[in-house]
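Visitor: Quick mapping for you: the protein sequence lines, in order, are chains A, B, C and D.
Letter by letter, the first sequence follows residues 1 to 149 in UniProt numbering.
Letter by letter, the second sequence follows residues 1 to 149 in UniProt numbering.
Letter by letter, the third sequence follows residues 1 to 149 in UniProt numbering.
Letter by letter, the fourth sequence follows residues 1 to 149 in UniProt numbering.
Hint data in this document are derived by calculation from the structure and do not stem from the laboratory.
We put the beta carbon where it would ideally sit given N, CA and C, even for glycine.
Incorrect hints may appear among the rest.
To be verified - Here are a few chain D residues that sit away from chain A, every Cβ distance over 10 Å (derived from the structure):
#, residue
1, 19
2, 22
3, 27
4, 30
5, 36
6, 38
7, 43
8, 64
9, 102
10, 106
11, 115
12, 116
13, 119
14, 134
15, 135
Claimed, not checked - Taking lysine to aspartate or glutamate pairs in the EDC-like style, the calculated list, with each CA pair at most 20 Å apart, reads:
#, chain 1, residue 1, chain 2, residue 2
16, A, 58, B, 148
17, D, 121, A, 148
18, C, 121, B, 148
19, D, 58, C, 57
4 protein chains.
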Amino acid sequence: MQSDNAFRLYNEVIEPPLSDDELAAVNAADLDLAQRLGLVLTYCSQDRLEGHLEVTDKLLQPTGIVNGGVYCTIGETLASIAAVAATAKPAVGMSNSTDLLGSVKAGQRIDAVAEPVHTGKRTHLWRVNMSADGKLVAVTNLKLMILDR
Amino acid sequence: MQSDNAFRLYNEVIEPPLSDDELAAVNAADLDLAQRLGLVLTYCSQDRLEGHLEVTDKLLQPTGIVNGGVYCTIGETLASIAAVAATAKPAVGMSNSTDLLGSVKAGQRIDAVAEPVHTGKRTHLWRVNMSADGKLVAVTNLKLMILDR
Amino acid sequence: MQSDNAFRLYNEVIEPPLSDDELAAVNAADLDLAQRLGLVLTYCSQDRLEGHLEVTDKLLQPTGIVNGGVYCTIGETLASIAAVAATAKPAVGMSNSTDLLGSVKAGQRIDAVAEPVHTGKRTHLWRVNMSADGKLVAVTNLKLMILDR
Amino acid sequence: MQSDNAFRLYNEVIEPPLSDDELAAVNAADLDLAQRLGLVLTYCSQDRLEGHLEVTDKLLQPTGIVNGGVYCTIGETLASIAAVAATAKPAVGMSNSTDLLGSVKAGQRIDAVAEPVHTGKRTHLWRVNMSADGKLVAVTNLKLMILDR
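Can you build the whole structure from these sequences, using the hints too?
Guide: Below, the structure written as structure tokens:
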């Protein structure tokens with residue numbers, strides 16, 4: 001994410017939201033596990049992130065539904081980017097609490113939205129709601145420590 | 001995991017522990033996300049599971065350390081297999097609570113051990129401790145619902 | 001809560017909401033720890049509960065702010081009543097995950113609202129947001145098992 | 001806890017463990033909610049705390065078992081004292097994650113032990129196991145922020 005287009009994400013509070021070109025640059029950067037699993041960022045501002053992921057066979061567990069770790073990973077990644085977008089400072093996940101509420105199969109799409117619950121000086125709590133076909137399937141609450149630059 | 005060698009894992013309580021041949025069959029089955037990320041199961045009995053994962057670049061997040069979702073996924077997978085090994089019944093993760101305690105880089109190995117905290121009739125709680133170079137780096141507490149066959 | 005006025009709470013889905021007389025009967029029943037700590041129920045329907053608690057000295061910890069267990073207890077109680085109000089069935093808390101986001105002192109009031117995140121056949125997830133002077137100070141996510149009557 | 005006997009608890013790392021006189025002074029101080037609910041501290045060193053609580057009617061919820069908030073409160077208090085005993089610095093609970101694994105009735109005793117999972121410079125994670133009649137009934141994982149004095 002050192003590319004010119006993505007420059008803003010790690011260097012300033014994201015207001016106004018990232019443009020389509022900036023989003024494309026972040027998505028093309030291939031620097032994060034969640035991207036490699038298929039997560040595409042579609043909106044990024046200082047107080048809201050959105051993304052989605054098309055479920056492929058490789059994300060499943062043996063019974064044919066999405067491995068719960070996928071939701072945790074989407075939540076971890078979106079909330080971490082969100083904390084960076086809100087502060088322009090490095091952020092470290094401290095605890096990832098993900099409730100698994102439904103099952104998703106290959107071919108479905110997981111839509112994810114990250115919103116802040118609490119943004120303090122030293123810690124943030126972001127919530128990431130994930131749904132498929134309009135039904136809530138998982139929620140991540142990620143607590144982060146905000147570091148000095 | 002329908003191969004002959006792996007037959008026991010989804011069909012009976014795993015006592016005695018899986019043999020080396022049975023472990024090899026499970027590891028070769030390529031049926032789970034965590035396996036695809038590199039998780040290798042090295043011990044499986046009804047009350048303890050062990051595995052490890054060699055960290056490659058693809059598991060990192062942009063600052064060069066392992067994405068927290070990797071620990072969640074290892075915990076989710078090991079605890080889920082553990083519940084199946086303990087009951088011979090299907091098990092569904094309900095909540096994955098993962099504390100992120102240290103950072104790990106490419107080239108290091110994550111060693112994981114799953115042990116039961118509570119094994120009731122309808123719900124289980126398994127804890128998965130993950131360490132690298134002998135230092136605890138993450139802990140997953142996975143609550144599961146045990147289903148009827 | 002076996003009094004005549006409170007009859008509906010454990011015997012039917014709470015639609016329409018409890019009347020003022022019914023709320024008064026529940027609050028007078030003195031059957032729950034949270035009530036004894038000061039929690040007053042002010043609204044109860046099948047999909048939303050509200051209550052508040054005036055903070056007294058006995059709820060503090062040694063540094064003079066509310067002991068975090070108070071928020072957990074408010075969350076546990078409101079979410080449990082909520083699940084009963086939504087199902088007319090017994091509900092058992094399985095995991096209480098409470099994020100502590102601010103501090104509250106004696107003389108302040110904690111306002112709490114419980115709303116459903118997920119209401120399945122066998123498990124519910126309720127969220128209880130707690131605030132003081134309009135500032136969010138704690139959030140409980142309570143996972144419950146719904147039992148057969 | 002400003003009494004002479006309790007002096008060490010907030011002023012130095014607790015090594016050696018508190019003496020019986022020091023424990024008695026802490027228990028007599030009446031400065032914390034958990035004490036008022038009945039928690040008695042029986043052992044306190046820098047890496048382990050023990051306490052117990054005799055269950056009285058006032059701690060129950062309407063169905064006659066201990067309100068889950070009691071376990072959260074015991075966990076919150078023991079883990080907070082533990083972090084102070086280990087660091088001699090103020091500690092603030094950030095998230096209280098309590099798994100509820102069994103039910104306890106009036107007349108039973110809850111025995112609680114706090115042990116460290118992770119003790120970093122800025123954050124600690126303490127685990128509090130609670131049992132009754134030798135059976136594990138609840139586990140609190142409390143994440144704390146360690147403050148500068």
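Visitor: Now tell me, hint by hint, if it's right for this structure.
Guide: Verification of the supplied hints:
1. With 10 Å as the threshold on Cβ separation, the claim that residue 19 of chain D sits away from chain A holds: the shortest Cβ distance comes to roughly 35 Å.
2. Distance check on residue 22 of chain D: its Cβ is at least 33 Å (rounded) from any Cβ of chain A, clearing the 10 Å threshold; non-interface status holds.
3. Consistency note on residue 27 of chain D: stated as away from chain A, and its beta-carbon is indeed over 10 Å from all of that chain's, at 32 Å minimum.
4. No beta-carbon of chain A comes within 10 Å of the beta-carbon of residue 30 of chain D; the shortest separation is about 31 Å.
5. No Cβ of chain A approaches the Cβ of residue 36 of chain D within 10 Å, the least distance being about 28 Å, so the stated non-interface status holds.
6. Non-interface call for residue 38 of chain D relative to chain A: holds, since the shortest CB-CB distance, roughly 29 Å, exceeds 10 Å.
7. With a cut of 10 Å on Cβ distances, residue 43 of chain D stays outside the contact zone with chain A, its closest approach being about 28 Å.
8. Every CB of chain A lies more than 10 Å from the CB of residue 64 of chain D, the least distance being 28 Å, so the non-interface label holds.
9. Taking the minimum C-beta to C-beta distance to chain A, about 22 Å, the non-interface status of residue 102 of chain D holds against the 10 Å cut.
10. At the 10 Å boundary, the C-beta of residue 106 of chain D stays outside the reach of chain A, the nearest C-beta of that chain being 32 Å off.
11. At roughly 18 Å from the closest C-beta of chain A, the C-beta of residue 115 of chain D stays outside 10 Å, upholding its exclusion from the interface.
12. Its beta-carbon lying about 16 Å from the closest one in chain A, residue 116 of chain D satisfies the requirement of being farther than 10 Å from that chain.
13. Residue placement check: residue 119 of chain D keeps its beta carbon more than 10 Å from all beta carbons of chain A (closest about 14 Å).
14. At roughly 30 Å, the least C-beta separation between residue 134 of chain D and chain A is larger than 10 Å, which holds for a residue marked as non-interface.
15. Its beta-carbon lying about 26 Å from the closest one in chain A, residue 135 of chain D satisfies the requirement of being farther than 10 Å from that chain.
16. Restraint check: the Cα-Cα separation between residue 58 of chain A and residue 148 of chain B comes to about 27 Å, which exceeds 20 Å; the hinted pair is violated.
17. For the hint linking residue 121 of chain D to residue 148 of chain A, the alpha-carbon distance of about 15 Å falls within 20 Å, and the restraint holds.
18. Taking the CA atoms of residue 121 of chain C and residue 148 of chain B, the gap is near 15 Å; set against the 20 Å cutoff, the hint holds.
19. Between the alpha carbons of residue 58 of chain D and residue 57 of chain C the distance comes to roughly 18 Å, so the proposed pair stays at or under 20 Å and holds.
In terms of the numbered hints stated before, the structure departs from hint 16 and from no other.
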